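Top line first, the protein sequences correspond to chains Y and X. Heads up: the first sequence begins at 1422 in our numbering, then just goes up one per residue. Heads up: the second sequence begins at -18 in our numbering, then just goes up one per residue.
Keep in mind that a hint or two might mislead.
Claimed, not checked - Okay, derived cross-link-like pairs now, DSSO-like style, lysine-lysine, Cα gap no bigger than 30 Å in a straight line: (1) Lys1534(Y) - Lys1441(Y); (2) Lys1541(Y) - Lys1585(Y); (3) Lys198(X) - Lys1585(Y); (4) Lys1534(Y) - Lys198(X); (5) Lys1615(Y) - Lys84(X); (6) Lys84(X) - Lys1441(Y).
Unchecked claim - DEER-style ranges, computed between Cβ atoms: (7) Asp2(X) - Leu1662(Y): 47 to 53 Å; (8) Lys(-3)(X) - Pro1503(Y): 16 to 22 Å; (9) Pro1503(Y) - Ile236(X): 51 to 57 Å; (10) Gln202(X) - Ala1654(Y): 25 to 31 Å; (11) Lys(-3)(X) - Glu1425(Y): 26 to 32 Å.
Stated by the list, open to error - Just so you have them, the derived chain Y footprint on chain X, three or more residues with Cβ under 8 Å: (12) 79 to 91; (13) 105 to 113; (14) 116 to 123; (15) 137 to 149; (16) 187 to 199; (17) 219 to 230.
By construction, these hints were calculated from the structure, which means they are not laboratory data. Every value quoted in this text rests on a predicted model; they were computed, and no experiment measured them. Ideal placement from N, C-alpha and C gives every residue a C-beta, glycine not left out.
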Amino acid sequence: MASEFTMRVWRGDLSGGEFKDYRVEAQEGMVVLDVIHTIQATQAPDLAVRWNCKAGKCGSCSAEINGKPRLLCMTRMNLFEPGETITISPIKTFPLLRDLVTDVSFNYEKAKKIPALKLKAKEADGTRRMYQDDVDRVQEFHKCIECFLCQDVCHVIRDHEDNKPEFAGPRSFVRLASLEMHPLDEEDRREFLKGDAGLGYCNITKCCTEVCPEGIHITDNAIIPLKERVVDAYYDPVVWLMNKLTGK
Amino acid sequence: MSDQAVAVNRGGPTDKTLRIDAWWVEPAVTVGMLSTFLIYTTWAALVNEHYYVAPYLSPFYSPCLSTSCAHVTLGLFDWPLSPAILILWAPAGFRLTCYYYRKAYYRSFWMSPPACAVRDGHAQYSGETRFPLLMQNLHRYFFYAATLVVLFLWWDALLAFRFPTTDGGSEFGLGLGTLVLIANAAFLSLYSFSCHSCRHLCGGGLDVLSQSPLRLKLWRQVSRLNENHMLFAWISLVGVMLTDVYVRFISMGYISDVRFF
Ligand code: SF4
Ligand code: SF4
Ligand code: FES
Ligand code: FES
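Okay, chain X solo, but in the shape it has when bound (with noise of 0.2 Å):
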C-alpha cells in the first residue's frame, strides 16, 4: 500500500481509512458475482454443446453464425471452434467498457478506490487518459453491436413458441423456455436501452432540446432508464445466466421443460 498521500504534507490524519462501517463488503460482493459470472461464461461459451434443445437456443450462441451450429441462425461460414467465439465479444466489450460496471470494477477488482474515503490500492494513478483505458472511449461502438444481438435474441423468443411435432414439422405453443427466453430479451433490452451511451446518442448531446420534441421524449424516457442503469445490469447479468442453464440443463437431460400448451 502506497503512502503517496501523506508524501505531500497536508496535515491531519494519514490514516488508509477512518470509517467504522463495513465498506469492504460491497467489493467483496462484486468480485464474488462478477467472477462467478466470468467462470461460467467462459466454460459455457467454449464447451461447445449442450446450447440448443428445440425450440430454445442459449443466449451465449446467438446468433449462431457458424454453419456447423445445432441450430444456425446465419449460416455465414463454417467455424471449427465454440460459435459463442463469434458474436460474445459484442456482449462482452459492451459490459466491459459499460459506464457502470468500469465503477463496479475499478472499485472491486482494482481497488482505485475500494470504497469512498478508503486509499486508493495503486501509488500512481492516471485514469482513463492513456492506453488501455482509454479504449474505453468507444463505448458506444459496443452499444451498436450488443444492441444487434439483443434483437435476434428477440427473434430466439419468437421461435420459442414453434415446437417440433413427431411428425417433423412444427407446431405453436408455449412452454417455460419461451417465458424465460423473453425475460431474458427483455431484461438485456432493459440494460441496453438504459445505457449513457445511448442517452447522449438519443438526445443527451444536444444543448436545445426543445428544438427536437422527438428526441426530447426518447432522451426522457431513456434517461429514466438510465436511473436504473445498475439494477438492470445485475438483473440482466444473472438472468442471461440462469437462461444459459435452463436451456443447458433442459438439453443434458437433467430437467424437463414445462409445456403450458
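Excised from the complex, chain Y in its bound form (with noise of 0.2 Å):
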C-alpha cells in the first residue's frame, strides 16, 4: 500500500541554501533512501546525496531524519505516519559539500593521527597467541562502520567548532580502545589520548551510543574504560605514590 509523505529536504552548499518539500509516495518496505532516489529519479536529478550498500554496512548515507542522526538506508518510511512531513538535513558537524553530502575528512585526518598497533615479541615458539576471552571484548569495536554519526552527534564538536583541533571525537575513541586493549599490543596510548585525543572533553553524556547504527557501547565499553586507563597513569594519587616510590 503506498502512503504519500512530504519531504522537506535540505539544498543547497556552503554558499547558503534552503529546505524544499517534495511530496512523494512511498511504496511498502520503503526506507527512507529509496524515497530521497524517487525524488532524485522524478523532481530533483540533481539533489546530491552519498550512499553505497544500502545495507547498512558502509556508513555513506548518514543524515539527520527529523533532527535525528540516523543512517538514511536503515530508517523505514513505515516509522513516519502517512501525511506526515519529514525532514532531511545534511550531518550538521562537517562542512556542507552539497545538499545532503558533508566533507568528512576531519574524521580520516583524527584517524591518521592514532598510534598504531605494536605487537608484543613472539614466544618461545615462534608464534603469538591470542585468547578468545581477551578477543571478544575488542571485537565489538570492530563492528564501527565508519559512519560517523557519533562524530555528528557529538556536542564537543558539533556545537563547538574551536574544540575540533583538540578532540578526536567517539568514533576515534572506538578505535583506541580496540588498539589500547589488544591482548598483542604494547602501545601505551594514555598520554594521547590524555593530551592530542582530548578524552577529557567528553562528559559522557552518552549521545554518540545513541545514535550508533551497531549498537556499540561506545561511552561504556569504550569511552568509560579509557577514562578509567587515564586515571591509572595521570589522576590517581596512590598509583601515582607507588609508582614514585618503585621508581616505575
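Reassemble the complex: the two chains are provided individually, in unrelated frames, and hints are given to aid placement.
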C-alpha cells in the first residue's frame, strides 16, 4: 500500500541553502533512501546524496532525519505517519559539499594520528597467541562502519567548532579502545588519549551511543574504560605514589 | 543561547534543533527527581532527630560516628552537629562523580547538551579537562569510601533483627523495617558493585584477562551488573530516601512498624 509524504530536504552548499518540499509516494517496505532516490528520479535529478550499500554496512548515507542522526538506508518509512512532513538535513558537524553530502575528512585526519598496533615479541616457539576471552571484548569495536554519526552528534565538536583541533571524537575512541585493549599490543596510548585525543572533553553524555547504528556501547565499553586507564596513569594519587616509590 | 555553531559556516540549517519529539521530557524529569532527592536529603541530614527507632537506623546516619548519636555505631568523638555530616560526603561524592549521574546532570541541569542533537546551552566548553570538573577523575576513591558505608548498612540490617524487650534485653525478630533495611542495603550494593570504576579495578584495566581467571570472572560479573547501572542508580536513590522516610515516620509516631514475629 502506498502512502504520501512531504519530504522537506535541505538543498544548498556552503554559500547558502534552504529546505525544499517534495511530495512523494512511498511504497510498502521503502526506506528513506528509497524515497530520496524517487525524488532524484522524478523531481530533482541534481539532488546530491551519498550512498553505496543500502544495507547499513558502508556508512555512507548518514544524515539527520527529523533532527536525529541516522542512516538513510536503515530508516524505514513505516516509522512515520502517512501524510507527515519529514525533514532530511545533512549531518551538521562537518562542512557541507552539497545538499545531503558533507566533507567528512576531519575523521580521516584524526584517524591518521592514532598510534598504530605495536605487536609484542613472539613467544619462544615463534608464534603469538590470543585467547577468545581476550578477543571478545575488542570484537565489538570492530563492528564500526565509519558512518560518523557519533562524531556528528557529539556536542563537543557539533556545537563548538573551536574544539575540533583538540578532540578526536567518539569514533576515534572506539578505534583507540580496540587497540589499547588488544591482547597482543604493547603500545601505551594513555598520554595520547589525555593529550592529543582530548578524552577529557567528553562528558559521557552518551549521545554517541544513542545514535550508533551498529549498537556499539561507545561510552560504557570504550570511552569510560579508557578514562579509567587515563586515571591510572595521571590522576590516581595512590598509583602515582606507588610508581614514585618503586621508581616506575 | 550562543550561536557559536554557526560562527563557522558549515552550510546546512542553523536551527537549535530540528527534533520534533519531546526531547525535553527526560531532562525535565531528571531535574525534578534529583532536586527532590537533594532537598529532602539535605533536610533529613541536618535535622538531627528521628533517625533512630530501635532497632532501625536511618541510612543517612549510618555509620553514626559521634558519641552523641541516638544509636552509636562507632563512637569516635563527640560531634556537636548532625552526625550525618560526618559520613554523607562519601555517598554524596560517589553519586556526584558517578559516570551515570554525570550524564544525567550535565544534560539536565547544565544543558551540555540538553538532549542529543539539541544545541549545547553554553558558548564555551572544555568538558572535564579543567578544575573543578577534572576532579571527576577521583571517582574511584569515592567508590572505596561509599562501599565501606554500604558494609555498615548491612551491619545495620543485621541489627534490625534484634528487637528490644520490655525488660531491657533484646530478642530476635523480624519487622517490615528489617526488610526495608535489607532491601536498601541490597540496592545500594547493586549500585556500588555495578560502578564503572569497580569494573575497571576488577579486571577492565587488564589487556590479557585470560591470564587472570579470577579477575576475568569478576570482570564478567561486574560487567553484567554494569549494564543496569542506571537502573540501580535510580532504584537505590529512591530506596534510600524511602528507607529514611520509613524510619522517620515510625520514630515520629505517624506509622507503626509491622512486626512479623
Ligand atoms: S559521550 Fe562523549 S564522545 Fe559521546 S557524544 Fe557525548 S561527549 Fe561526545
Ligand atoms: S562507532 Fe557507531 S556511530 Fe560511530 S562511526 Fe562507528 S558505527 Fe558509526
Ligand atoms: S548506503 Fe551504506 S550504510 Fe546506508
Ligand atoms: S557509581 Fe556510577 S559509575 Fe561509579
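Q. Taken at face value, is the distance from the CA of Lys1585(Y) to the CA of Lys1541(Y) at most 30 Å?
A. Violated. Lys1541(Y) to Lys1585(Y) sits at ~33 Å, over the 30 Å cutoff.
Q: For the range 26 to 32 Å, tell me whether the beta carbons of Lys(-3)(X) and Glu1425(Y) fit it or not.
A: For Glu1425(Y) against Lys(-3)(X), whose Cβ atoms are near 30 Å apart, the range 26 to 32 Å holds.
Q) In terms of beta carbon proximity below 8 Å, does the stretch 219 to 230 of chain X have 3 or more residues touching chain Y? A) violated (count 0)
Q) Under the criterion that the straight-line Cα-Cα distance not exceed 30 Å, is the pair Lys1615(Y), Lys84(X) satisfied? A) This hinted pair holds, its Cα atoms lying about 20 Å apart.
Q. Residue count check for the stretch 187 to 199 of chain X against chain Y: does it reach three with CB-CB under 8 Å?
A. holds (count 5)
Q: Please count how many residues of the stretch 137 to 149 of chain X have a CB within 8 Å of a CB from chain Y and say whether that reaches 3.
A: violated (count 0)
Q: Below or equal to 30 Å on CA atoms is what counts here, so check Lys84(X) against Lys1441(Y).
A: Not satisfied, since the Cα-Cα distance of roughly 36 Å exceeds 30 Å.
Q: Hint says 47 to 53 Å; check whether the CB-CB distance for Asp2(X) and Leu1662(Y) agrees.
A: holds, 50 Å
Q: Evaluate the given range 25 to 31 Å for the C-beta pair formed by Gln202(X) and Ala1654(Y).
A: Since the Cβ atoms of Gln202(X) and Ala1654(Y) sit about 26 Å apart, the hinted range of 25 to 31 Å holds.
(Q) So if I understand the rule, the pair passes when the alpha-carbon distance is 30 Å or less; does Lys1534(Y) with Lys198(X) pass? (A) violated, 35 Å
Q. At a Cβ distance under 8 Å, does chain Y reach at least three residues of the stretch 79 to 91 of chain X?
A. holds (count 5)
(Q) Please verify whether Lys198(X) and Lys1585(Y) have alpha carbons no more than 30 Å apart. (A) violated, 40 Å
Consistency note: the structure conflicts with the earlier hints numbered 1, 2, 3, 4, 6, 8, 15 and 17.
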